[in-house]
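**Student:** These are the residues of each chain, in order.
There are 2 protein chains.
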Amino acid sequence: MPGAGKEAGGEGLRDVQYLSSSQADDRIQDLVKKSSDIVLATHIEPRDDMLEERRRASFNASSLAAYLNGGKEKLQRLEELADLLHAQSWGNKSRRYYLSRRETYEDALKAALGIWDLIRNRTITMEDAMEARKLVDFPGGLELHIGMFIPTLLSQASPDQQAEWLPKALGLKLIGTYAQTELGHGTFVRGLQTTATYDPDTQQFILHTPTLTATKWWPGGLGKTSTHVVAMARLFIRGKDYGPHAFVVPIRDMASHLPLPGIRVGDIGPKFGYNGVDNGFLSFNHVVVPRDNMLMRFAKVTPEGEYKPPPPSNAKASYATMVYVRATIVEGAGWALARSVTIAVRYAAVRRQTAAHAGERELQVLDYQNTAADLLPLLAQAYALLFMGKSGMDMYKEFEMDRDQGNFNKLPELHAVLSGMKSVSTTLASDGMEAARRACGGHGYSMLSGLPTLFTHYVQNVTWEGDNNVMLLQTARYLVKRLLAAQSGKGSPGGSAGYTANVDTELKQRCFVRSPRDWLDPAVQSAAFRHRATRLCVAATQALADASGGDVVFEGHPWNSNTVDLIRLARAHCLLVLHSTFADSVAQLAAEGSVDSLAIAALSKLLSLFGLSFIAREAGDFLEDGYLSGQQVDWARKQYYKCLAVLRPDAVALVDAFGLTDYQLNSALGRKDGDVYRALLAAAQASPLNETEEGPAWDSILKPRLNKPTSKL
Amino acid sequence: MPGAGKEAGGEGLRDVQYLSSSQADDRIQDLVKKSSDIVLATHIEPRDDMLEERRRASFNASSLAAYLNGGKEKLQRLEELADLLHAQSWGNKSRRYYLSRRETYEDALKAALGIWDLIRNRTITMEDAMEARKLVDFPGGLELHIGMFIPTLLSQASPDQQAEWLPKALGLKLIGTYAQTELGHGTFVRGLQTTATYDPDTQQFILHTPTLTATKWWPGGLGKTSTHVVAMARLFIRGKDYGPHAFVVPIRDMASHLPLPGIRVGDIGPKFGYNGVDNGFLSFNHVVVPRDNMLMRFAKVTPEGEYKPPPPSNAKASYATMVYVRATIVEGAGWALARSVTIAVRYAAVRRQTAAHAGERELQVLDYQNTAADLLPLLAQAYALLFMGKSGMDMYKEFEMDRDQGNFNKLPELHAVLSGMKSVSTTLASDGMEAARRACGGHGYSMLSGLPTLFTHYVQNVTWEGDNNVMLLQTARYLVKRLLAAQSGKGSPGGSAGYTANVDTELKQRCFVRSPRDWLDPAVQSAAFRHRATRLCVAATQALADASGGDVVFEGHPWNSNTVDLIRLARAHCLLVLHSTFADSVAQLAAEGSVDSLAIAALSKLLSLFGLSFIAREAGDFLEDGYLSGQQVDWARKQYYKCLAVLRPDAVALVDAFGLTDYQLNSALGRKDGDVYRALLAAAQASPLNETEEGPAWDSILKPRLNKPTSKL
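Read top to bottom, the protein sequences are chains A and B.
Just so we're aligned: 492 in UniProt numbering is position 492 of the first sequence, and the numbers increase by one with no gaps anywhere.
Just so we're aligned: 336 in UniProt numbering is position 336 of the second sequence, and the numbers increase by one with no gaps anywhere.
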């Protein structure tokens with residue numbers, strides 16, 4: 001049971017001794033022992049390397065771990081929950097990597113229902129349950145029932161409609177999902193092709209799928225689990241198109257679970273990852289539902305077929321919901337990357353490779369500069385994203401307080417920052433997770449490392465909840481508008497894009513670094529990121545204006561033929577925000593004093609590494625207009641290399657500080673105790689292909705062949 | 001059956017019509033038809049988009065396709081083979097994405113044996129078989145028997161030993177694999193811990209696994225298929241360590257397939273991909289084999305236990321074998337990337353997203369600049385790698401002719417170029433395959449797109465046959481040595497690193513581009529790549545000298561603490577070689593005249609795009625010492641954007657020119673006819689989870705829940 005905590009360390013790893021000297025007689029054993037002694041002279045146990053790593057770290061990880069996990073008690077509770085879940089039949093992860101698609105779907109459902117029961121029988125609180133879902137890490141058929149169907153009823157259903165459907169949904173009398181995406185339409189919601197035509201004579205809506213590409217596609221739990229959907233369909237009344245609206249549609253018979261007449265529904269097949277979820281397809285063939293099934297908290301259709309549009313504030317409100325979701329995605333990206341980096345750093349600390357001379361002990365791979373350069377910047381990015389996630393949440397809460405006073409002023413800035421940050425965070429996390437996996441060499445390719453599954457489950461985040469390019473283009477749109485406003489005298493210094501208010505002075509700025517050490521000042525680094533964002537904002541706006549032939553156009557050919565520079569601008573802006581948020585967070589932590597000052601010292605070095613790794617790698621952006629000189633770039637790179645060396649001894653402590661349990665990681669390479677090879681062998685032996693010694697192909701395939709009369713090839 | 005060729009187009013896609021108007025009466029149908037007509041007014045069939053793409057291309061793909069595939073006849077033969085294989089029970093790919101690990105292992109074995117039989121019954125030639133293995137694309141338990149065990153016997157076994165084992169191996173009387181890698185050792189072969197101790201009294205070797213990390217790990221087919229291994233073990237005679245040598249060891253009983261006494265063997269468990277192969281683990285507990293089982297073509301051990309070392313030429317010979325393998329890997333990288341890019345470009349040509357105004361038709365996503373920037377550079381890289389692969393093969397053949405005259409002079413250069421190129425090509429391919437997958441948005445996440453499997457099977461190439469960082473460091477070592485030789489007057493102008501002979505003049509060079517158009521000259525681009533490589537070579541050598549405190553040391557701390565710059569140098573060198581090889585190949589093609597001149601014109605644009613995309617993205621490397629001015633970088637970027645626009649209409653023709661069959665691609669998105677949505681739905685309906693309407697979880701898991709008495713949450 002790789003990485004399954006104490007139990008794994010014991011039971012799972014016991015039966016890997018096989019050096020019994022069985023048939024060999026004493027003389028042979030003595031002969032062989034001489035050879036073994038020479039081989040083992042330079043051997044070291046990974047556990048001992050791991051102990052030494054923790055001994056030599058400059059700080060103790062506990063106080064930082066407590067902070068990152070919401071306090072000592074919360075961290076303690078997470079460990080209790082991990083043990084509780086590991087003890088459940090549906091929570092035990094030891095066979096997770098061996099399951100077929102069907103078993104994955106069934107077991108994921110059992111896990112979700114198991115947590116549901118722990119709440120009902122009061123074993124855990126609702127807050128525990130949120131954590132438990134993350135710890136079990138087994139998304140299944142109920143994800144969208146919990147994550148979209150119920151929340152949509154709460155936000156968009158009228159009181160009567162809520163009274164009708166909510167109790168059933170909360171009591172699992174029905175299972176719902178949210179069906180918006182279609183085979184032919186994802187990002188462009190206005191283009192949805194499913195129609196909901198109102199029939200005033202019968203006061204019913206007729207849902208219909210007019211063409212193949214209008215087939216609903218992707219909704220989680222739709223395939224084989226859900227009995228109901230909230231379907232987004234274009235509302236038509238008397239031949240007029242009112243655009244997408246939400247309708248509750250029963251799709252399966254409650255007694256037989258068979259599709260209702262006119263419904264065609266099923267699973268969309270296997271995916272890169274996330275196969276516990278039965279993402280589904282759905283089409284309507286003239287399916288009739290009563291008028292009450294349109295969610296009418298905001299927009300309404302009267303019995304006579306009169307359309308009452310939603311109040312304007314509604315648009316802003318639903319905007320706000322999107323923004324909230326994106327804030328959670330940013331923090332999620334931090335944790336996702338933290339998981340992979342924890343595994344890779346721990347393995348790189350115990351994996352040894354190459355001795356210059358015979359008789360020397362081999363080097364820990366983390367001691368090779370290129371391995372440190374592969375992993376430590378990812379470690380820094382994970383921290384940057386965790387701090388950004390917390391900050392994004394705080395920004396959202398501030399906005400909420402204003403909103404309750406009917407003040408939506410902060411929304412555009414919040415939306416712009418978090419849209420781009422959704423993209424940058426999920427891309428950094430996805431790329432970083434795969435880079436961490438590759439840094440583990442061959443063993444990183446084994447499912448037992450946990451790394452492949454982490455990546456394949458996570459990487460969908462670059463697409464859903466807003467395609468990452470589209471998200472960055474939303475940020476770019478905001479930045480260009482800010483700059484145009486400033487240029488026309490209507491500028492404002494506020495917010496992350498304050499630089500748009502004084503581009504002329506900024507463009508004249510040059511970096512004043514006069515030695516490698518000067519680069520360690522976070523303000524110096526921030527200034528560089530700010531200058532880049534400013535320059536790219538001016539350039540992209542100019543290019544857009546040129547393409548527009550006059551007033552800037554935010555659509556059509558001018559926009560579509562400049563998206564590369566616009567995306568580049570938005571990314572640069574997000575890195576500026578990410579860096580300054582990291583810097584502010586470390587300063588604030590130091591001020592609060594709740595975290596060990598030695599840990600904060602390490603975080604400051606990590607902040608330098610974060611900034612310098614990007615400046616060194618993307619030096620062209622800073623050299624192009626002469627903001628940096630070649631000498632300054634060279635100093636940045638030298639200082640970056642220094643940071644790698646300085647942080648090397650704290651690498652393991654910095655991943656320990658994420659406070660991730662062996663249960664959550666479920667990784668043979670990421671084990672806290674470093675006993676990676678014993679864990680790999682134990683997990684391999686438990687693999688289904690090893691159920692019989694001769695293997696599944698022997699009788700039917702191999703045996704007949706190996707006994708065939710020879711014939712020359 | 002996604003992308004499974006004609007048959008798929010027919011049978012598979014037939015039953016996806018469901019717009020029958022079943023229960024709805026005429027009045028309702030008329031009502032709904034009004035809505036449908038509005039929705040469908042802007043609808044277009046993907047097939048029509050694809051036809052239009054081919055109509056507007058500037059050239060016909062056939063002559064280029066013939067060239068890339070070794071001639072018109074060869075291409076024709078590939079299509080015949082695809083049809084032949086598709087017709088075999090073991091060659092049909094329609095269920096490939098639905099298989100469990102066990103089914104994958106069994107079916108892959110059947111496929112390999114199926115091809116074996118087609119050879120034996122003379123249906124296909126040996127040359128056909130090599131192509132068939134690529135087309136079936138289903139690696140399994142026999143890979144290393146064919147790819148390593150037999151070749152090792154041919155190269156390292158004595159004539160007597162070959163007479164003993166080769167007929168059995170070729171007649172499948174035994175199945176072998178090559179067991180070198182251990183749990184604790186991959187790259188560092190000298191560090192292998194498995195021992196082979198010679199016992200002069202009995203004239204036998206005793207193979208032993210002295211510790212857990214000495215367990216053999218990863219050999220393909222070792223888990224449940226192989227009966228024999230060539231085991232690499234450290235040879236000990238009378239307490240003296242002679243280093244790794246090769247031993248043939250029977251591991252399974254031929255009658256029962258059970259492990260022999262002292263043998264512990266099994267499958268290492270599921271992997272990211274490649275799960276048809278039973279990679280295995282193996283340990284020896286005082287396992288005795290006769291003296292004849294050490295492969296003794298070169299090194300020998302006499303009965304008395306006297307060690308006779310191999311002739312020096314032997315080392316060079318085995319070097320040469322490695323070099324050959326790396327040349328094949330480079331071409332393989334080109335084809336791997338070509339497969340993913342073909343799928344992504346075809347999908348991006350028929351996928352439409354977002355209309356600026358209602359009533360307008362949506363844009364093909366390939367018309368968004370950022371999509372073109374995601375995909376067209378990858379298309380250029382695929383061509384660059386294919387040309388590099390061919391050139392690498394030619395270089396190798398030249399070397400072989402010299403070698404047969406006992407002349408090994410070309411080997412170091414060949415080894416340096418192909419080691420680094422193995423790394424650069426597999427990294428470009430792996431990253432490009434995943435980038436192409438992401439460019440397909442949500443549908444790229446579906447296994448039915450074929451893209452996830454292509455990536456997970458391929459990405460191991462960055463690790464095996466030489467870890468990619470280690471490979472680049474071998475190239476860096478060569479370049480530094482070339483420069484040091486030149487500096488000490490022992491330089492030579494020859495080969496790809498000729499620039500090391502005149503660095504002083506090169507470092508003074510500045511780019512003379514005076515307009516965006518100047519950038520279209522391949523020589524201008526090559527000059528930039530050459531300058532970068534020269535500058536980084538001088539800088540890395542200097543840094544190494546400083547760290548060595550005097551004479552340059554190629555190991556230990558000086559080397560290990562400078563690997564980032566050394567890797568950067570080697571990569572820059574490889575990109576120089578890649579670019580000039582692309583340029584030379586296009587020039588040569590133009591001279592030969594076998595390929596349509598319009599196709600060659602498109603290739604020239606693709607070459608410009610290849611160079612400019614790297615120069616624009618890695619501008620810092622060229623700006624740092626002032627070789628390029630900011631203005632010149634800006635021109636390069638503008639010209640790069642122009643190339644994207646100019647090549648856009650030829651994108652589909654350029655992927656058609658790879659000549660890949662629907663059978664090989666097995667992708668719902670990559671279909672040549674563009675009918676992607678019908679293919680997705682057809683394949684989804686064939687998914688095992690859809691075998692029953694109610695789904696696998698209904699009776700046992702969901703039904704009891706949905707009928708439970710309500711209880712508030």
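Certain hints may be false.
If several chains are the same, the list does not tell them apart, and a pair holds so long as it fits within one copy or across any two.
Said to hold, decoys possible - Heads up, simulated DSSO-like pairs for lysine-lysine below, C-alpha to C-alpha not over 30 Å straight-line:
1) LYS638 <-> LYS481
2) LYS316 <-> LYS490
3) LYS708 <-> LYS168
4) LYS410 <-> LYS308
5) LYS240 <-> LYS638
6) LYS308 <-> LYS508
The set of hints was computed from the structure by calculation and includes no laboratory data.
It should be emphasised that the depicted structure is a prediction, and the values quoted were computed from it without experimental measurement.
**Student:** All hints, please: hold or fail.
**Tutor:** Structure-based check of each hint:
Taking the shortest Cα distances, LYS638 and LYS481 sit within 30 Å of each other only across copies (23 Å), while inside one copy they are farther apart (38 Å). For the homomeric pair LYS316 and LYS490, the shortest alpha-carbon distance inside one copy (23 Å) is at most 30 Å, but the shortest distance between copies (73 Å) is not. Taking the shortest alpha-carbon separations for LYS708 and LYS168, only the inter-copy value of 11 Å comes in at or below 30 Å, while the best intra-copy value is 64 Å. In this assembly of identical chains, the alpha carbons of LYS410 and LYS308 lie at most 30 Å apart only when taken from the same copy (29 Å versus 81 Å across copies).
In this assembly of identical chains, the alpha carbons of LYS240 and LYS638 never lie at most 30 Å apart, being 65 Å within a copy and 45 Å across copies at closest. For the identical chains of this complex, LYS308 and LYS508 are neighbours neither inside a copy (54 Å) nor across copies (73 Å), given an alpha-carbon limit of 30 Å.
Hints 5, 6 from the earlier list are contradicted by this structure; the remaining hints agree with it.
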